[in-house]
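Put the complex together from the two separate chains, hints included.
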Amino acid sequence: MLKDNLDEILSKVEKPARYTGGEWNSVIKQRDEVNVRFAFCFPDTYEIGMSHLGIKILYHAVNEVPGYCCERAFAPWIDMEEQMRKNNIPLYTLESKDLVRNFDFVGFTLQYEMSYTNILNMLDLSDIPIMAEERDDSMPIICAGGPCACNPEPLADFIDLFMIGDGEEHIIEIMDLYNEMKKNGTYSKKEYLLRASGIEGVYVPSLYETGYKEDGTIAYFRPKAEGVPEKIKRRVILDLDSAFYPEKPIVPFTEVVHDRITLELFRGCMRGCRFCQAGIIYRPVRWKSMDKLVEKAVNLVKNTGYDEISLMSLSSCDYPELGPLADKLMDKLEEKKVNLALPSLRLDSFTLDLLNKTSKVRKSGLTFAPEAGTQRLRDIINKGITEEDLYKAVYLAFDGGYNRVKLYFMLGLPRETDEDVEGIAKLAEGVVEEYFKVPKEKRNKGLTVTVSTSTFVPKPFTPFQWEAQDTLDKIAEKQRFLKSIMPKKVTYNYHESKLSVLEAVISRGDRRVGKAIKYAFEKGCKFDSWGDFFSYEKWLEAFKEAEIDISFYANRKRDFDEILPWDHIDMGVTKEFLIKECERAYRGEVTPNCAVKCQNCGMASYKGGICVEKRKD
Amino acid sequence: MKSVRIKYSKEEQVKYVSHLDTLKTFTRAARRAELPLKYSKGFNPHPHMVFGLPSSVGMISVCEYADIDFEDGVNCADIMDKMNEALPEGFNIVECSERPEKSNIMAEVAACEYVIYVKTRKSVMDLMDDISHFISRQEIYVTKKNKRGEKEIDIKSMINFISVGEDSMGTYLISKTAAGNEKNLKPELLIDAINKYEDTDIEIRQIIRTEVFLK
Chain A
1 MLKDNLDEIL SKVEKPARYT GGEWNSVIKQ RDEVNVRFAF CFPDTYEIGM
51 SHLGIKILYH AVNEVPGYCC ERAFAPWIDM EEQMRKNNIP LYTLESKDLV
101 RNFDFVGFTL QYEMSYTNIL NMLDLSDIPI MAEERDDSMP IICAGGPCAC
151 NPEPLADFID LFMIGDGEEH IIEIMDLYNE MKKNGTYSKK EYLLRASGIE
201 GVYVPSLYET GYKEDGTIAY FRPKAEGVPE KIKRRVILDL DSAFYPEKPI
251 VPFTEVVHDR ITLELFRGCM RGCRFCQAGI IYRPVRWKSM DKLVEKAVNL
301 VKNTGYDEIS LMSLSSCDYP ELGPLADKLM DKLEEKKVNL ALPSLRLDSF
351 TLDLLNKTSK VRKSGLTFAP EAGTQRLRDI INKGITEEDL YKAVYLAFDG
401 GYNRVKLYFM LGLPRETDED VEGIAKLAEG VVEEYFKVPK EKRNKGLTVT
451 VSTSTFVPKP FTPFQWEAQD TLDKIAEKQR FLKSIMPKKV TYNYHESKLS
501 VLEAVISRGD RRVGKAIKYA FEKGCKFDSW GDFFSYEKWL EAFKEAEIDI
551 SFYANRKRDF DEILPWDHID MGVTKEFLIK ECERAYRGEV TPNCAVKCQN
601 CGMASYKGGI CVEKRKD
Chain B
1 MKSVRIKYSK EEQVKYVSHL DTLKTFTRAA RRAELPLKYS KGFNPHPHMV
51 FGLPSSVGMI SVCEYADIDF EDGVNCADIM DKMNEALPEG FNIVECSERP
101 EKSNIMAEVA ACEYVIYVKT RKSVMDLMDD ISHFISRQEI YVTKKNKRGE
151 KEIDIKSMIN FISVGEDSMG TYLISKTAAG NEKNLKPELL IDAINKYEDT
201 DIEIRQIIRT EVFLK
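If you read the protein sequences in the order shown, they are chains A and B.
Numbering follows this note's numbering, in which position 369 of the first sequence is assigned residue number 369; successive positions increment by one, without gaps.
Numbering follows this note's numbering, in which position 129 of the second sequence is assigned residue number 129; successive positions increment by one, without gaps.
Don't read these hints as lab results, they were simulated from the structure.
In this text the structure is predicted, and so the values were computed from the model without any measurement.
Accuracy of the hints is not assured; some may be wrong.
[Claimed, not checked] Within a straight-line C-alpha distance of at most 27 Å, the following computed DSSO-like cross-link-like pairs (lysine-lysine) qualify: (1) K15/A with K24/B; (2) K7/B with K15/A; (3) K426/A with K440/A; (4) K145/B with K15/A.
Okay, chain B solo, but in the shape it has when bound (with noise of 0.2 Å):
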C-alpha cells in the first residue's frame, strides 16, 4: 500500500463546493485518473480518504490536508501530476509525500491562520486598538452551538494572534488561532466575539485559510 498526503488548494471557482462534495470530487478525480485507489474489503467498498479540518462553505484556502491511500506501484510526482490533471479548475494539488501508514490528518491539526477580508465602517487605526484591547481580556466567553444545544466558552487561549492590515482589496484580519479535534476555534466565532466584546461592526466578506499548523 502507498500511503499519501496531499496538500492542495481550493480556489475561488470552488469555495461553495463542500466538505463532504470535495472528498467525492477528489475520489471521482483517482478514478479519472486512473489511480489505483486502496478499497476496503466489504459489502460496500469504499476508498480511504480523509480530509483535514473542514473548511466552511464559501471559505478560500490555500492549505487544505488530505491522507489517501493507494495500491503500490504508484509515485507521489505521479499522483500529482495526475490527479491534477482530473481535477475540477478551482482544485490544485501542490505537495504529495508518503506519510506512515497508520498517521491521520485529522489527529495531527493544532492550529490554523486565517486572512479574512471585512467590512467595517472603522478605520484600520481605529480597528487596531479595538484588537489589541480585545486580545488583552482575562477571558473571552462566546456561545458556541453544536448538535447537543449550546454551551458558553472561554476562547481566550484558542487565540494565537490577531492583526489587522489592508491592501487593495480592502482591510482585512490575520488571525492565528486553535484548530483540529481538541480544540477548534472558527474564525466565524471569533468575529463574533469581537462584536460581541468591541464596540465594532465587522462584517466578514471573505475568509482565506492560508496556513494548517500540525503537532
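In isolation and in its complexed conformation, chain A is listed as follows (with noise of 0.2 Å):
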C-alpha cells in the first residue's frame, strides 16, 4: 500500500531518487532472517546523510551480523514532507520500505546541533511520540550517538539512550541485550533501558536527576537508581586496523556532498588548538598501517566503481607516512584513473610536492586556516602556525601557478582585541603581497584572496568550556570594523552570527533547554543549518515560551568549579587538563602536540594510540 501511495507523491517532488534506495551495495534482508532491525536515521537530507562516514561504518557493521539489519532514513525535503503529511505517508526506510516506527531501534546522529528539530521532526513524521516518557513499549527504543552526544543533556527528553563514543562495537552491544531480552521473554523498555546502562558507554538520561541553585546553574546531578554509573566512560576503539571498516559502502545514484571513496587515516588528533572540540573528544591518535589503508583502498576502488579517494581525518598532514602512502596509493591506482583528496590542510606542513600527488592537474583554490589574526591570539589558541608558515605557503602555490586563496578565520575569540581583528586585515594583505614577490612570468594572472570569518562558539569538553560568546552587537560591530580596513583586493566573506548564537546556547545546554527546542519544533523551526529556512524569531519566542535567558547559556562565563551539564560524561580527557590548558591559554603559553610532549590530558589511562606508541620510543 505504501508502495502506491509513494509511486505518486514521487512523481511531485524534487530529486526523487533520494526516496527510493536500490543503489550499489546497500543491503536488503528478507524479513525472517530478522531478529532485530535498527533504523539509522541521519538528521539532514540524503545528500548530506550519505556523504558522511559513521552512517556508512555503522550501517554495514550492523549489517554484518547474521540476524540483525540496518536501514536508512533521511529527513525528508520540504516538499517531501509536504506530500508525505498530505498523504498520510509516514516516514520509512529505503531498504525495505517499512515505517520506522516498527523498528526495534531508531537511532540518530548526532553532528551538529542546528539539527535537532529535524530529528524530533523525523519522530513526528513516522508517528512517534517525541518525549521519551510518552513512548511504551511497543514504541521502538530511540538512540542517538556521534560528536555532539558529548553532551546529551538537551535531547535529555526525547532520547531514551545515548552511546557515547565509538560506535562500531557499541550498537552491537545493545542490540544483543535487546535480543537477548527479547529472545526469553524478559523485554519491557524500563527493564531493557535499565541493564542497558550497565554497558559500557551508555547514558540513559531518564536513570538520572538533576536540581538548580538559586542562580540557574546546576545544584546536583545523580543517578536515580542503586547501581546505575555516576560517570558514563566513552568508548574508544584503541586497534583501528582490526575494527571494522567497509569496503562495500553504499554507493548513491544522484550527486551528493562528498561522492568518493573515504579512506580514513587515522581518529584523534594530536594538536590540541583549544577551540577545537573534535581535537579533544577523539583522542587519542590512533594512526591506521599503511599497508592495511592500501588494501583497503583498493578494494574499495573495485567494489564501489569511484574514481576519487579522499584521505580523511582531521589533519591528514599529520599522517607519519603520508608522502609514502601517496605513492604506494598512485602507483596502484593511477591506472584506474583514481584522484586523491586531501581536505585538511595544514599550513606548516604545506609542500607544492604533496599537492601535486594528491590534486588534479588543474590549478584550482587552496584554503587555508590560520584561525586568528596575530601571533598572541594565535598562541591562546594554540594554533601552533606563525605568518612565516603562511607566506611561506601562499608563495608556493602563487609560485606553483595557483592563483585563489581562501582564508578562515573566527571571530570572538577569547580575549581577542581590536588589535586581533585588524591582524586578520594584515595577514590578507601580506598574503596579496606574497603574490606580487612571484616573478610575473611565473604567476598566473587574476588573483583572488578570500577571507571568511565565522564567530566562535565555545564547546563542551575544550579548554574554553567556561567562556563567554560574544554578544550579536559585539559580533556584528567587529564583522563591520573589518570590512572597513580590509584591502581592496580582497573579498570578504560574514553572515548574520545568529545561528551562532543558538548552536551556543544548545552546545553548552543543560536539560531546560530541550523544553526550547520542543517549542521551536512546534513552531515549525527546522533545516535551521540551511539558510532558507533558519528562523531566528521563531527560536526566540521559543526561548521565551522555556523561560531561557539565552545569554545565560552564551554569553556568560562560568567558574572552573561551577557543575556543568556535561560533567557526568567522562571523555577519557581530565577537567585538570582542561582547566590548566585555559589557564595557559590566558598567559598566552603555546602547548606542544601529542607526539612532541605528552601532556597527561588523562587519554593514557586507555592504554592505545599515540599515547602508548609515543612511550615506546
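Structural data, given as C-alpha cells:
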C-alpha cells in the first residue's frame, strides 16, 4: 500500500531518487531472517547524510551480523514532507520501505546542534511521540550518538539511550542485549534501559535527576537508582586496523556532497587547538597502518567504481607516512584513473610536492585556516602556526601556478582585541604581497584572495568551555570594523551570527534547554542550518516560552568549580587538563602537540594510540 | 578501440534515476566490472559514452540505447555479462553489438513508441472516439517550452499513431511519435495536446518506453 501511495507523490517532488533506495551495495535482508532491526536516521537531507562516514561504518557493521539489519532514513526535503503529511505516509526506510516506527531501534547521529529540530520532526513524521516518557513498550528504542552526544542534556527528554564514543562495537552490544531480552521474554522498555545503562558508554537520561540553584546553575546531578553509573565512560576503539571498516559502501545514484571514497587515515588529532572540540573528544590519535590502508583502498575502488579517494582525518598532514602512502596509492591506482583528495591541509606542513600528488593537474583554489589574526591570539588558541608559515605556503602556491586562496578565521575568540581583528586584514594584505613577489612570468593572472570569518562558539570538553561568547552586537561591530579596513584586493565573507548564538546555547545547554527545542519544533523550525528556513524570531519565541535566558548560556563566563551539564560524561580527557590548558591560554603559552610531548590529558588511561606509541620511544 | 552499442532496460526500481545519474551509474559499473573504458586525453580524462534520447524522470523503459567505447581486447558477450553483474538492480543490458567508430546514437533516433497508463473518467470506447477525432485534425498547435522561452508548434506531423487499450493495470494509450535531434514529441506534451483539443481529462499514471526506432 505504501508503495502505491509513494509512487504517486514521488512524481511530484524534486530529486525523487533520494527517496527510493536500491543503490549499489545497499543491503536488503528478508524480514524472516532478521530478529533485531535498526533504523539509522540522519537528521538532514540524503545528500548530506550519504556523505557522512559514520553512517557508512555503522550501517555495514550492523548488517555484517546475521540476524540483525540496519536500514536508512533521511530528513525528507520540504516538498516531500508536505506530500507525505498530505497523503498520510509516515517516515519509512529506504531498504524495506517499512515504517520507521515498526523498527526495534531508531538511531540518530548528532553531528551538529542545529539538526535537533529535524530529529523531532523525523520522530513526528514517523508517528512516534517525541517525548521519551510518552513512548510505551510497543515503540522503538530511540537512541543517539555522535560528537554532539558528549553533551546529551538538551535532548534528554526525547532520547531513551545515548551511545558515547566509537560506535562500531557499541551498537552491536545494545542490540545483543535487546535480542536476548526479547528471546527470553524479559523485555520491557524500562527493564531494558536499566540493564543497558550497565553497558559501558551507555547513558540513559531518564535514570538521572538534576536540580538547580537560585542563580540558575546546577546544584546536583545524580543517578536515581543504585547500580546506575555516576559517570559514563566514552567507548574507544584502540586498534583501528582490526576494527570493522566497510569495503563495500553504498554508491548513491544521485549526486551527494562528498561523492567519493572516504579512506579514514586515523582518528583523533594531536594538535590540541583550544577552541576545537573534535581535537579533544576523539583522542587519542590512533593511526591505521599504511599497508592496511592501501589494501582497503584497492578493494574500495573495485567495489564502488569511484574514481576519487579522499584521505580523511582531522588533520591528514599529520599522518606520519603521508607521502609514501600517496605514492603507494598512486602506484596501485593510477592506471585506474583514480585521484587522491586531501581535505585538511595544514599550513606548516604544506608542500607543493604533496599537493601535486593529491590533486588534479588543474590548479584550483587552496584553503588555509590561520583562525586568528595575530601571533598573540594564535598562541592563546594554541594554533601552532606562524605568519611565516602562511606566507611561505602561499608563496609556494602562487609560484606553483595557483591564484586563488581562501583564508578562514574566527571572530569572538577569548581575549580578542581590536588589534587581533586588524591582524586579519594585515595577514590578508601580506598574502596579496606574496603574490606580487612571485616573478610576473611565473604567477598566474587573476589573483583572488577571500577571507571568511565565522563566529566562535565555546564547546563542551574544550579548554574554552567556561568562556563567554561575544554578543550578537559585539560580533556585528567586529565584522563592520574588519570590513572597513579590509584591503581592496581581498573579498571578505561573513554572515550574521544568529545561528552561532543558538549553537552556543544548545551545545552548552542543560536539560531545561530541551523545552525550547520542542517549542521551536512546534513552531515549525526545521533545517535550521539551511539559511532559507532558519527563523531566529521563532527560536526567540521558543526560548521565551521555555523561560530560557539566552545570555545565561551563551554570554556567561562560568567558574571552574561550577557543575557543568556534561560533567557526568567522561570523554577520557580530565577536567584538570582542560583547566590547565585554559590557564595557559590566558598566559599566551603554547602547548606542544602529543607527538612532541605528552601533556597528561588523561587519555593515557586507555592505554592505546599515540599515548603508548610515544612511550615506546 | 572497441566501439559498441548497448540496448538496456530501465525498470521500476530505478525509474527515478535521472539521465545524468544513469550515465554516472554505467561509468561506475564499468569500472567495477574492470572493463577497459576508453578515456579521453587531456587534463580531465573522461570515458566516451553517449546515451540516447533522455527519458524523463519516472519513466520506465524497455528500450534504451547507449554508445560506449572500450579499449581493444574485450568482446560484446563479455561486456554484457560483466556489466549486468555490476549494474544496480533495475538496469539490465539486453543487447550489445559493435558499431562503426564514428556513429552516434543521438543522431540516429527517429521515433519512439510509448505505452502510457492513464487515469480518466471516460470509458475505453469513449476515449477511442476522442482519440480518432484528435488524430483526424489538420493541425495541432501546442506550446513548447525550452530554455529560450515558449513557442507555438504544430505537432500533427510528429504523431505517427495513437491507440487505446485496457488491461489488468488499467486504461492505456499506445503512441508512436517523432523523436531525436530534429523533431521530438514527448508523451507528456502529447497528452496535454489531447486534453487541450478534446473533452478529455487524461492524467498520466505511468509512461513506458517500449521501442526506439532508428533511422
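Check the structure against each numbered hint from earlier and tell me which ones fail, lowest number first.
Result: no hint breaks.
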